[in-house]
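Chemist: Listed below, chain by chain, are the residues.
There are 2 protein chains.
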Amino acid sequence: MSLELLILGSNSAAFAHRRHHTAQLFKLQDQHFLIDCGEGTQLLMKRHKVRLSRIDHIFISHLHGDHYFGLIGLLSTMHLFGRKKELILVGPPGLSEIIQLQLRHSETSLNFQIRFTEFTPNESEVVYDHPKYTVTTLPMDHRVPCSGYLFREKPKKRRINRNKLPEVELSHLDIARLKDGEDILNKDGSVKYENRLLTKDPNPSFSYAFFSDTRLRPQLLETIKGVDLLYHEATFANDMKDRAEQTYHTTAEQAAQFAKDAGVGKLILGHFSARYKELDPIIDEARAVFEHTELAIEGTKFVVDGK
Amino acid sequence: MSLELLILGSNSAAFAHRRHHTAQLFKLQDQHFLIDCGEGTQLLMKRHKVRLSRIDHIFISHLHGDHYFGLIGLLSTMHLFGRKKELILVGPPGLSEIIQLQLRHSETSLNFQIRFTEFTPNESEVVYDHPKYTVTTLPMDHRVPCSGYLFREKPKKRRINRNKLPEVELSHLDIARLKDGEDILNKDGSVKYENRLLTKDPNPSFSYAFFSDTRLRPQLLETIKGVDLLYHEATFANDMKDRAEQTYHTTAEQAAQFAKDAGVGKLILGHFSARYKELDPIIDEARAVFEHTELAIEGTKFVVDGK
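The listed protein sequences correspond, in order, to chains Y and R.
Under my numbering, read the first sequence as residues 25 to 331, first letter to last.
Under my numbering, read the second sequence as residues 25 to 331, first letter to last.
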């Protein structure tokens, strides 16, 4: 099992330097999640050979256009291509109203159901609970209601040590108990096989935190501690710190310090201001603080597989 | 003076074969009109080096996404780039509500005024009256309220024949009278100079008719008779005539016959179905009926300059 993140778009407000608006394809447990959906996302998916039919979940962070203007077009194309499968959509208040209004005026009744979850601004809540993972909102500090998302696999079961199997006699029930971490007992209650001798530690549980447009959020440090991947906006370099503060954004140095303090595996910076044709100032100042930093360059795939 | 039409996008419902959704830049009398605005139009304008600031008029035909999903992004970028100039927007009922809702949720108050004219569906009306030209709606026959547009220059003034000027004596008032087609009179009312001897015919008045998504509209034949350029949708070739009828579209052959009957200067076909990777079936059957037919290939500029 692994975690994969494909960057589709990474620029802030204006299209510039061949960089598009925010959109990411995140893969976990064979599920594909689209996170944010700027204008032209369906074109970028085509370019990067991502099939629309793979997407069953879309998460939108907020209602600034560079994060969602491509959504209605994407939904329309899904409809046109005959999609029947339910789609899970999570986003801020107002998103559903905007979609419904546009569908109504085009007299379109979608072939598929949208199950819409409206997140509660300024609160952290589980917006999607799957048997194997959860998605939790991360309240951002931005000019409009805005949320990041934390994708976290639930703890996995212990793995049977197959080398030991020839030496022991186990029923199916015993195997299930071992995976749950229990010892195998004799009828009198004494220990027949110790769990630790027949099992190995579970595979790691992966996690990804997506920080959309925001000022620095030190109050979320504990929540995301130790995630494998952290995407954080870094609209500006640190010489524009005041501008970042005024516009409710973060600098690369601030994001790097945050990632370091949170002990994340890797930091990915994105949402670059159009003022940066070259992104050296962003990456250089971030790596000076936290070495394991990368840029959200379009078309780049980040993989965490625990190996 | 000339008329110019730059094709930005020309495909119907789905993006396909590197073809984008409908958008055209039409230039008349040094004014630039954007006609329809599918998703990604601002990217296409960038690709074809069209500056956003040139656009002062936008005409939207109807509220199917492939004709307007790029509008809100375009307006947002104009705002971001500091536009102050008023923008004239003409479109169907509902368009203004959609824009306002999206601006409200992004808490955006545009730096510039949008002067919105809502056209009346199923009626032909002048929606823009400029001293030198008019824009009239052309009611289409489609599944939702939909209108084409007829851009027509008003008759121009007669031109002074400069070769004759040394032979005569004219005041500024005389020149104005000659341009208006009047003779120059003596005080006793007798003709001093005959108009036809001192002037030449006016420059031609150009006209362009844009036929958005529609079934064939024979009732508009008289209205557009003799236009220099006719853009007409041709979603299908004629072997798909029934499908065209069902979906409220036109075939290439039908459009060509219409253009021939209307005696237009040139026919441009667009809004191609994604089923046509190659457009030979479309152009071949149209040219068999009306020779002066071209395809709306993206990036092509059509110029009519009367020479």
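There's no promise every hint is true.
[What the hints assert, rightly or not] Computed from the model, here is a short list of chain R residues facing chain Y with C-beta under 8 Å: (1) THR101; (2) SER120; (3) ILE122; (4) GLN124; (5) LEU162; (6) PRO163.
[Claimed, not checked] As a list, the in silico SDA-like pairs of lysine to any residue whose alpha-carbon atoms are at most 20 Å apart: (7) LYS73(R) x HIS41(Y); (8) LYS73(R) x LYS73(Y); (9) LYS301(Y) x HIS41(R); (10) LYS301(R) x LEU67(Y); (11) LYS70(Y) x LYS301(R); (12) LYS301(Y) x ARG71(R); (13) LYS73(Y) x HIS41(R); (14) LYS73(Y) x LYS301(R); (15) LYS70(Y) x ARG71(R); (16) LYS301(Y) x LYS73(R); (17) LYS70(Y) x ARG42(R); (18) LYS178(R) x GLN53(R); (19) LYS73(R) x THR101(Y); (20) LYS301(Y) x ALA38(R); (21) LYS301(R) x HIS41(Y); (22) LYS70(R) x SER297(Y); (23) LYS70(R) x ALA40(Y); (24) LYS70(Y) x GLY106(R); (25) LYS70(Y) x LYS73(R); (26) LYS301(Y) x LYS70(R); (27) LYS73(Y) x LYS70(R); (28) LYS70(R) x ALA298(Y).
The hints are simulated quantities; they were obtained by calculation from the structure and are not laboratory data.
For each residue, glycine too, the CB sits at the ideal point set by N, CA and C.
Chemist: Is it true that the CA of LYS70(R) sits at most 20 Å from the CA of ALA40(Y)?
Modeler: holds, 10 Å
Chemist: Could you check if THR101(R) really has its C-beta closer than 8 Å to a C-beta on chain Y?
Modeler: Holds. Min distance 6 Å.
Chemist: Measure nothing beyond the straight line between the CA atoms of LYS301(Y) and ARG71(R); if it is 20 Å or shorter, mark the hint as holding.
Modeler: holds, 17 Å
Chemist: Are LYS301(Y) and LYS73(R) close enough, with their CA atoms no more than 20 Å apart?
Modeler: Distance ~19 Å between LYS301(Y) and LYS73(R) Cα, so the pair holds.
Chemist: Are the Cα atoms of LYS70(R) and SER297(Y) separated by 20 Å or less?
Modeler: holds, 18 Å
Chemist: For a C-alpha distance cap of 20 Å, please report whether LYS70(Y) and ARG42(R) respect it.
Modeler: Between LYS70(Y) and ARG42(R) the Cα gap is close to 10 Å, so the pair holds against 20 Å.
Chemist: Straight-line Cα separation of LYS301(R) and LEU67(Y) no greater than 20 Å?
Modeler: Answer holds: LYS301(R) to LEU67(Y) is near 17 Å, not above 20 Å.
Chemist: For the pair we were handed, LYS73(Y) and LYS301(R), check the Cα-Cα distance against 20 Å.
Modeler: The hint holds at about 18 Å.
Chemist: Does the CB of SER120(R) sit less than 8 Å away from some CB of chain Y?
Modeler: violated, 11 Å
Chemist: Does PRO163(R) pass the interface check with chain Y, least Cβ-Cβ distance below 8 Å?
Modeler: For PRO163(R), the interface hint is violated, since the closest Cβ of chain Y sits about 17 Å away, which is over 8 Å.
Chemist: What's the verdict on LYS73(R) and HIS41(Y), does the C-alpha distance respect the 20 Å limit or exceed it?
Modeler: Holds, at roughly 14 Å.
Chemist: With a cut-off of 20 Å on the C-alpha distance, tell me whether LYS73(R) and THR101(Y) pass.
Modeler: Roughly 28 Å between the alpha carbons, so the hint for LYS73(R) and THR101(Y) is violated.
In summary, the structure is inconsistent with hints 2, 4, 5, 6, 8, 9, 19, 20, 21, 24, 25 and 27 from the numbered list given earlier, while agreeing with the others.
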